[in-house]
Amino acid sequence: MSAHRWRLLPAVALLAVAALGARTVRSQEIFAGKYPQQSGEDLFRNICQGCHMPDAKGAIGAGSYPALASNPRLAAAIYPITVVLHGQRAMPPFGETLSDEQIASVLNYVRTHFGNRYRDLITPTAVNARR
Amino acid sequence: MVREPDAPMSRRALFRMIGAAAGSAVMYQAMSELGYAGESGYTGPIQLSGNVKDTSVLILGAGLAGMSAAYELRKAGYRVQILEYNDRPGGRNWSLYGGDTYTELGGFTQKVQFSEGLYLNPGPWRIPHHHYALLDYCKRLKVTLEPFTQVNYAAGLQNPAAFGGKVKRYREVQADFQGHVAELLSKCVNQGALDEAVSAEDREVLLEAMRDWGAVDASYEYKKGLLSSERRGWDSDPGGGTTSVPIPSEPMALRELLQSKLWRFIAAGHIYEFQSMIFQPVGGMGMIGKAFGRELEGVIRYNAKVTQIRQDANGVSVAYQDSKSGGATQTASAQWCICTIPASILGQIPLQVGAPMKNAIDALYYDAAIKVGLQFRRRFWEQDESIYGGITFTALPNALIGYPSTRYFDDGPGVLLGAYTFGANAFQIAAMPPEERVRKTVEWGAQIHPQYNSEFQHGVGVAWHRVPWTLGCAGHWTEALRAQHYDNLCAIDGRILLAGEHASRIPAWQEGALLSSLDAIRRLHQRVLASGSAA
Numbered sequence: 001m002s003a004h005r006w007r008l009l010p011a012v013a014l015l016a017v018a019a020l021g022a023r024t025v026r027s028q029e030i031f032a033g034k035y036p037q038q039s040g041e042d043l044f045r046n047i048c049q050g051c052h053m054p055d056a057k058g059a060i061g062a063g064s065y066p067a068l069a070s071n072p073r074l075a076a077a078i079y080p081i082t083v084v085l086h087g088q089r090a091m092p093p094f095g096e097t098l099s100d101e102q103i104a105s106v107l108n109y110v111r112t113h114f115g116n117r118y119r120d121l122i123t124p125t126a127v128n129a130r131r
Numbered sequence: 001m002v003r004e005p006d007a008p009m010s011r012r013a014l015f016r017m018i019g020a021a022a023g024s025a026v027m028y029q030a031m032s033e034l035g036y037a038g039e040s041g042y043t044g045p046i047q048l049s050g051n052v053k054d055t056s057v058l059i060l061g062a063g064l065a066g067m068s069a070a071y072e073l074r075k076a077g078y079r080v081q082i083l084e085y086n087d088r089p090g091g092r093n094w095s096l097y098g099g100d101t102y103t104e105l106g107g108f109t110q111k112v113q114f115s116e117g118l119y120l121n122p123g124p125w126r127i128p129h130h131h132y133a134l135l136d137y138c139k140r141l142k143v144t145l146e147p148f149t150q151v152n153y154a155a156g157l158q159n160p161a162a163f164g165g166k167v168k169r170y171r172e173v174q175a176d177f178q179g180h181v182a183e184l185l186s187k188c189v190n191q192g193a194l195d196e197a198v199s200a201e202d203r204e205v206l207l208e209a210m211r212d213w214g215a216v217d218a219s220y221e222y223k224k225g226l227l228s229s230e231r232r233g234w235d236s237d238p239g240g241g242t243t244s245v246p247i248p249s250e251p252m253a254l255r256e257l258l259q260s261k262l263w264r265f266i267a268a269g270h271i272y273e274f275q276s277m278i279f280q281p282v283g284g285m286g287m288i289g290k291a292f293g294r295e296l297e298g299v300i301r302y303n304a305k306v307t308q309i310r311q312d313a314n315g316v317s318v319a320y321q322d323s324k325s326g327g328a329t330q331t332a333s334a335q336w337c338i339c340t341i342p343a344s345i346l347g348q349i350p351l352q353v354g355a356p357m358k359n360a361i362d363a364l365y366y367d368a369a370i371k372v373g374l375q376f377r378r379r380f381w382e383q384d385e386s387i388y389g390g391i392t393f394t395a396l397p398n399a400l401i402g403y404p405s406t407r408y409f410d411d412g413p414g415v416l417l418g419a420y421t422f423g424a425n426a427f428q429i430a431a432m433p434p435e436e437r438v439r440k441t442v443e444w445g446a447q448i449h450p451q452y453n454s455e456f457q458h459g460v461g462v463a464w465h466r467v468p469w470t471l472g473c474a475g476h477w478t479e480a481l482r483a484q485h486y487d488n489l490c491a492i493d494g495r496i497l498l499a500g501e502h503a504s505r506i507p508a509w510q511e512g513a514l515l516s517s518l519d520a521i522r523r524l525h526q527r528v529l530a531s532g533s534a535a
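As given, the protein sequences belong to chains A and B, one line each in that order.
Here the numbering used here is used: the first residue of the first sequence is 1, the next is one more, and so on.
Here the numbering used here is used: the first residue of the second sequence is 1, the next is one more, and so on.
Rather than coming from a laboratory, the hints here were simulated on the basis of the structure.
Please note that the accuracy of each hint is not assured.
[Said to hold, decoys possible] Quick list of in silico lysine to aspartate or glutamate cross-link-like pairs, DMTMM-like style, CA-CA up to 25 angstroms:
(1) LYS34/A to ASP367/B
(2) LYS57/A to GLU435/B
(3) LYS57/A to ASP362/B
(4) LYS324/B to ASP55/A
(5) LYS290/B to GLU104/B
(6) LYS166/B to GLU250/B
(7) LYS261/B to GLU443/B
(8) LYS261/B to GLU96/A
[To be verified] Partial chain A-side listing against chain B, Cβ under 10 angstroms, derived:
(9) LYS34
(10) ARG45
(11) ASN46
(12) GLN49
(13) GLY50
(14) MET53
(15) ALA62
(16) SER64
(17) PRO92
For every residue, glycine included, the Cβ atom is placed at its ideal position computed from N, Cα and C.
Hey, can you work out the whole structure from these sequences and the hints?
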């Protein structure tokens with residue numbers, strides 16, 4: 001029986017994939033290495049908070065991750081656009097894995113949350129201009 | 001990368017002759033002018049001969065790069081001291097055991113509950129047979145090695161979007177892919193499609209090779225039968241006595257196999273680093289760091305967070321604080337400094353070097369990677385599936401399941417590597433709290449092994465962007481970045497040299513860290529001897 005166990009799998013596996021549904025990354029997207037999230041909040045929760053932390057206050061160890069919360073450097077839109085697109089020192093670039101729309105969404109979310117109150121919205125066009 | 005073993009060897013011989021005849025200072029000058037001072041490779045323990053007159057070297061970081069530098073320099077007569085951020089030696093050479101507590105950035109703390117002798121290697125976990133320096137250090141430090149299995153023909157390949165999510169055995173995909181390709185190529189030959197490219201004489205050999213390589217039959221067909229089942233396995237294995245008739249298995253259809261993309265996982269084991277033999281230390285990769293740490297007892301200052309690095313014409317002065325309690329700034333000084341702090345951290349520390357080195361440090365970000373270790377009540381992969389070591393690859397976000405290459409046939413419990421992911425998946429998994437990383441990894445794995453649902457006990461998940469002392473797993477080089485910055489990163493800046501995997505052409509591998517370090521101390525030693533005094 002042992003050598004054949006995997007031959008009994010398909011029905012179980014299908015059910016499991018169906019149950020994961022929309023909450024999980026689809027396999028095509030895994031092969032492509034892209035991010036499925038579209039809303040600013042979803043993007044922040046699935047990418048940014050890995051380093052900048054769920055409260056956006058950053059963290060300190062041997063080095064540090066800067067706080068995005070109440071950060072005056074987010075005032076001029078061009079700065080965060082450039083950093084997200086092209087990276088900066090320890091910050092990896094996301095220009096190849098996020099669309100203009102996704103970058104605009106996540107920046108608009110961060111610039112209007114965590115103590116940031118910047119009223120000017122960043123457009124995908126403005127992101128694209130810095131590529 | 002194409003290697004040219006002959007040419008560098010002859011250059012090396014030339015430099016040795018110059019060195020022997022005219023002294024190492026002249027040799028160094030000749031090497032520098034010819035641009036080969038950076039040449040590396042490993043031909044045995046480094047020989048740093050000559051009187052270094054008690055010259056002092058401060059080493060930053062007690063990973064393999066820093067510790068190998070201290071070990072060799074001390075042997076050559078240097079006074080050495082290491083500053084290390086962590087409370088243990090090893091750096092990314094690291095294993096987590098039951099009883100360990102790991103706190104990542106953000107304060108998320110995991111208490112590892114693995115049973116006695118079980119472990120997760122959050123960082124490196126395999127040593128290729130051609131990583132000569134690392135293998136030699138294991139031998140010299142008496143670190144016992146055992147085989148690490150990369151390719152296991154019984155392990156699985158899975159894509160939830162293909163074959164209804166059913167797991168295929170590596171041997172089935174391997175045999176069917178080769179068989180179908182052999183059949184197609186044979187058809188091309190027999191239909192005259194390759195007459196221009198292959199001579200009549202070679203066409204016969206090619207057809208013979210296709211029969212041999214692809215297990216196609218006499219009419220060049222790859223189909224269900226004894227030939228193909230000898231490669232891909234049987235529906236019922238040949239037996240003895242009255243139950244001995246084997247039942248061949250049905251190959252996958254070409255179209256379905258191609259569209260499944262499962263063939264992409266076959267190539268992994270063909271990569272130079274993943275070819276047999278591969279080794280692992282008995283008891284966890286961290287055994288190497290521990291062995292170095294024992295050798296360097298008293299040399300390493302633990303819990304030291306470097307806050308500033310300054311230099312002048314005579315030496316280097318490094319400010320540091322206690323990494324746990326903070327407190328007053330202390331200073332360590334020496335005539336020279338080997339800095340192995342990851343570029344991701346070093347870029348944030350005030351560092352007195354020229355723009356070329358500073359720009360090189362700032363050009364590197366560190367890649368995302370996550371590893372999740374899961375403990376199960378029993379080794380069901382062995383007991384139910386006959387998988388002893390090796391790797392199952394999947395298109396699910398956990399990317400792979402690594403089975404332990406040790407303690408085979410143990411009743412259990414056992415620890416699997418449940419996820420090892422880079423790129424977009426790693427960023428997303430890093431963004432989860434540790435317990436969710438573990439929970440999701442169990443969910444994904446249960447689609448491959450339903451036994452997860454009943455046998456899972458507990459796990460630990462390490463996301464390298466949350467590791468307080470690296471901010472990522474390894475330096476991200478591109479060819480363009482190398483062309484622009486690599487030489488500047490490796491150059492000597494006054495009294496400071498950098499070393500580590502990031503200063504190597506084998507990034508992310510321990511061998512790269514060692515070769516980088518050995519090359520750095522060789523150049524440092526040449527400088528010290530060339531200066532004529534030990535000043």
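Hint by hint, here is what the structure shows:
1. Of the supplied pair hints, the one linking LYS34/A and ASP367/B holds, its CA atoms being roughly 15 angstroms apart against a limit of 25 angstroms.
2. Between LYS57/A and GLU435/B, the direct Cα distance comes to roughly 21 angstroms. Compliance with the 25 angstroms bound is thereby established for this hinted pair.
3. With a C-alpha separation of about 23 angstroms, the suggested pair LYS57/A and ASP362/B falls inside the 25 angstroms cut-off, and the hint holds.
4. Proposed proximity of LYS324/B and ASP55/A is supported: the alpha carbons are some 23 angstroms apart, at most 25 angstroms.
5. Proposed proximity of LYS290/B and GLU104/B is supported: the alpha carbons are some 21 angstroms apart, at most 25 angstroms.
6. Restraint check for LYS166/B and GLU250/B: the C-alpha separation of about 15 angstroms stays at or below 25 angstroms, so the hint holds.
7. Pair hint LYS261/B plus GLU443/B holds up; C-alpha atoms about 22 angstroms apart against a cutoff of 25 angstroms.
8. Distance restraint check for LYS261/B and GLU96/A: the Cα-Cα separation of roughly 23 angstroms lies within the 25 angstroms cut-off, and the hinted pair is therefore satisfied.
9. Given hint, LYS34/A at the interface with chain B, holds; its Cβ is 6 angstroms from that chain's nearest Cβ, closer than 10 angstroms.
10. Taken as an interface hint, ARG45/A checks out: its beta carbon lies about 7 angstroms from the nearest beta carbon of chain B, inside 10 angstroms.
11. For ASN46/A, the suggested interface contact is upheld, since its CB lies about 5 angstroms from the closest CB of chain B, less than 10 angstroms.
12. The interface hint given for GLN49/A is met, as the beta carbon of that residue sits about 5 angstroms from the closest beta carbon of chain B, less than 10 angstroms.
13. Look at GLY50/A: its Cβ gets to within about 4 angstroms of chain B, closer than 10 angstroms, so that hint holds up.
14. For MET53/A, the suggested interface contact is upheld, since its CB lies about 5 angstroms from the closest CB of chain B, less than 10 angstroms.
15. With a cut of 10 angstroms, the hint placing ALA62/A at the interface with chain B holds, because the nearest CB-to-CB distance is about 4 angstroms.
16. Annotation: interface hint on SER64/A holds; nearest CB of chain B at approximately 6 angstroms, less than 10 angstroms.
17. The closest approach between the C-beta of PRO92/A and any C-beta of chain B is roughly 4 angstroms, which is under the 10 angstroms cut-off, so the hint is satisfied.
Figure legend: structure checked against the earlier numbered hints; every hint is met.
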